[in-house]
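Participant: Quick note: the sequence shown, position 65, residue 65 per the UniProt record's numbering, numbers continuous.
Do not rely on the hints blindly, as some may be mistaken.
As the list claims (entries may be wrong) - Simulated pairs of lysine-lysine, BS3-like, Cα-Cα distance not exceeding 30 Å:
| id | residue 1 | residue 2 |
| --- | --- | --- |
| 1 | K23 | K141 |
| 2 | K4 | K141 |
| 3 | K32 | K4 |
| 4 | K4 | K23 |
| 5 | K32 | K3 |
| 6 | K79 | K4 |
| 7 | K79 | K23 |
| 8 | K141 | K79 |
| 9 | K3 | K23 |
| 10 | K79 | K32 |
| 11 | K3 | K79 |
Calculated directly from the structure, the hints in this document are not laboratory data.
Just so we're clear, the structure is a prediction, and the values are computed from it rather than from any experiment.
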Amino acid sequence: MAKKIAIGGDHAGFEYKGQLIEKLTSLGYEVKDFGPFSTASVDYPDYVHPLCTAIEAGEYELGIVICGSGNGVAITANKHQGIRAALCWNEDLAALARQHNNANVIALPARFISYEHAERLSEIFLTTPFEGGRHQNRVDKIACS
Numbered sequence: 001m002a003k004k005i006a007i008g009g010d011h012a013g014f015e016y017k018g019q020l021i022e023k024l025t026s027l028g029y030e031v032k033d034f035g036p037f038s039t040a041s042v043d044y045p046d047y048v049h050p051l052c053t054a055i056e057a058g059e060y061e062l063g064i065v066i067c068g069s070g071n072g073v074a075i076t077a078n079k080h081q082g083i084r085a086a087l088c089w090n091e092d093l094a095a096l097a098r099q100h101n102n103a104n105v106i107a108l109p110a111r112f113i114s115y116e117h118a119e120r121l122s123e124i125f126l127t128t129p130f131e132g133g134r135h136q137n138r139v140d141k142i143a144c145s
């Protein structure tokens, strides 16, 4: 069964989002595009909140959110108790987000990394397992509720 991925962001991440959907689909992932659906200026919370709600509901295993800096989408995603979103701009951060923090959403800064780099970070994030062990206790303490 293919891993189910949710993807979304804002107008600054629109082009990367479209390219990532094509790449991930070609690799066998089932990808749901939460928008936006053009380069017109939008408010990222309108897309990130439904994406995170779907992940919390178990409809998708992991998520990718993309905006200009990656900060807005990460901050929005992390308002959800069941989401652990990590802003990543290098390979080590993408791997550690999964290995140590069991992050379930990667936030990418489209205005600061190339598309090729965004693709590589996404691949690392999606294929790196959580190590568990001593990290599980820490992850269990993240949520406020």
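Participant: Under the criterion that the straight-line Cα-Cα distance not exceed 30 Å, is the pair K32, K3 satisfied?
Facilitator: With Cα atoms ~11 Å apart, K32 and K3 stay inside 30 Å; holds.
Participant: Is the straight-line distance between the alpha-carbon of K4 and that of K141 30 Å or less?
Facilitator: holds (26 Å)
Participant: Under the criterion that the straight-line Cα-Cα distance not exceed 30 Å, is the pair K4, K23 satisfied?
Facilitator: holds (14 Å)
Participant: Check whether the Cα positions of K79 and K32 lie no farther apart than 30 Å.
Facilitator: Within the cut-off at roughly 21 Å; holds.
Participant: Could you grab the alpha-carbon distance between K79 and K4 and see if it respects the 30 Å cut-off?
Facilitator: Given pair K79, K4 holds - Cα atoms ~22 Å apart, limit 30 Å.
Participant: Could you grab the alpha-carbon distance between K79 and K23 and see if it respects the 30 Å cut-off?
Facilitator: Between K79 and K23 the Cα gap is close to 29 Å, so the pair holds against 30 Å.
Participant: Taking only the CA atoms, is the gap from K32 to K4 under or equal to 30 Å?
Facilitator: holds (8 Å)
Participant: Please work out if K3 and K79 have their alpha carbons no farther apart than 30 Å.
Facilitator: Holds, at about 24 Å.
Participant: Hey, K23 versus K141, does the alpha-carbon distance stay inside 30 Å?
Facilitator: violated (35 Å)
Participant: Are the Cα atoms of K3 and K23 separated by 30 Å or less?
Facilitator: Given pair K3, K23 holds - Cα atoms ~14 Å apart, limit 30 Å.
Participant: Between the alpha carbons of K141 and K79, is the straight-line distance 30 Å or under?
Facilitator: Cα-Cα ~15 Å, so holds.
The structure shown violates just one earlier hint, number 1.
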